[in-house]
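**Q** Per the numbering used here, residue 130 is the first one in the sequence shown, and the count goes up by one each step.
Keep in mind that a hint or two might mislead.
[As the list claims (entries may be wrong)] Below are the PhoX-like pairs computed for lysine-lysine, each with C-alpha atoms no more than 20 Å apart in a straight line:
| hint | residue 1 | residue 2 |
| --- | --- | --- |
| 1 | K315 | K238 |
| 2 | K309 | K332 |
| 3 | K210 | K417 |
| 4 | K256 | K332 |
| 5 | K309 | K247 |
| 6 | K315 | K256 |
| 7 | K381 | K247 |
| 8 | K348 | K381 |
| 9 | K256 | K210 |
| 10 | K348 | K247 |
| 11 | K348 | K238 |
These are calculated hints, taken from the structure and not from any lab test.
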Amino acid sequence: MSTRSNAARLDAVDDAAQAFEVRPLPGGIGAEIVGIDLGQTLNASDFARVHRAHLDHHVVVFRDQRITPQQHIDFSRRFGKLMIHVLHQFHLPGHPEILIVSNIVEDGKPVGLGDAGKYWHSDISYKPLPSLGSLLHAQELPSEGGDTLFADMHVAYDTLPAHLRDAIEGRQAVHSYLAKYGQMQKEANWRPTLSPEQLAQVKEVVHPVVRTHPETGRKALFVSEGFTTRIEGLPEDESQQILAELFAHSIKPEHIYRHQWREHDLVFWDNRSLIHLAAGTPAHLRRKLYRTTIEGDTPF
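Based on the sequences and whatever the hints tell you, model everything.
**A** Encoded structure:
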C-alpha cells in the first residue's frame, strides 16, 4: 500500500473517533463517560481512553447506552474472555454470556436473580480465575431505590491499621460461592437448588488476602463478606475476628461511591479494585439489568 493510501486510511480512522468526555465523579471513586456510543465499534485510541479511565477510576458510567445485548457482549469481549454464570436459570435466552439481574416475577417464576449483590462482594472471586470486571446495563429501573454501592479496596488496604496489616501479611483466604447461599435461600425464594453439575463448577478456592492489580501494580484487599469464609493457617475464632475487622474497615463511608441509576446506564467496574453491594429495591417496584462478566487472571 502506498504512503498516500496509508495516510488516507489513518485519516479515516481518525474521522471515526468519537468526541466523548471522561468526567471524574466527586469523592475520588468513579467517572462518567458522556457522549460515547458503545453500539459502534470504538477505534483503537478511543478504546485506549476508555481502558485508561477504567484503570484510573475503577468504575466508569457510560450514560444513555441504547445498545442491544449482542452489542453489550461485543464491547465486553474487547477486555477479555466472558464468564458464564453458574445459575444458567437466569441467562438471557440466546445470550448465555448475560446474567439477568431482576426482582421481576412472571407466571410465578423469577425472570432473573432477584437478590444479586445482597452482600458486599467481588464478582466471581470464588473461581481460580476471578473476574477482571463486570458490565451492568439498565433495562428497567424502579422509581426509587435500586442503588449500587462500590467500595475502593486499594484505599482500604492503604489505610489499614498496623495490627491488621501485620495480621494478614502473606496470608491466603478461602472463597466460596456457597458462603451465603443457604442463608439466602432461607431468606427469599430467588436461589434455585444447585445441581451436582452446578456444584462442581463452584468448588472452594484460595486467594491472597492482599492482591496486586496486574495492570497498575497497586495493592488491594481481596476479601468480602459475600464469598470469603476463612483465612488459612489461623484458628477459626482468630480468622473470623480478623475478617470481621477487614470487612468493617473496607466499607467505611469515605471508601464508597453510591451509584444512582439513570435510564440506559451501563456501569463497568473493576472487580480487582472494588467490592460492591446492591442497596435494595422496594418489592413492588420492577428492576431489571443485564450483566456480563470478564474473566481475569490468577491473583498474586
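**Q** What are the numbers of the hints the structure violates, in ascending order?
**A** Numbers 3, 6, 10 and 11, in rising order.
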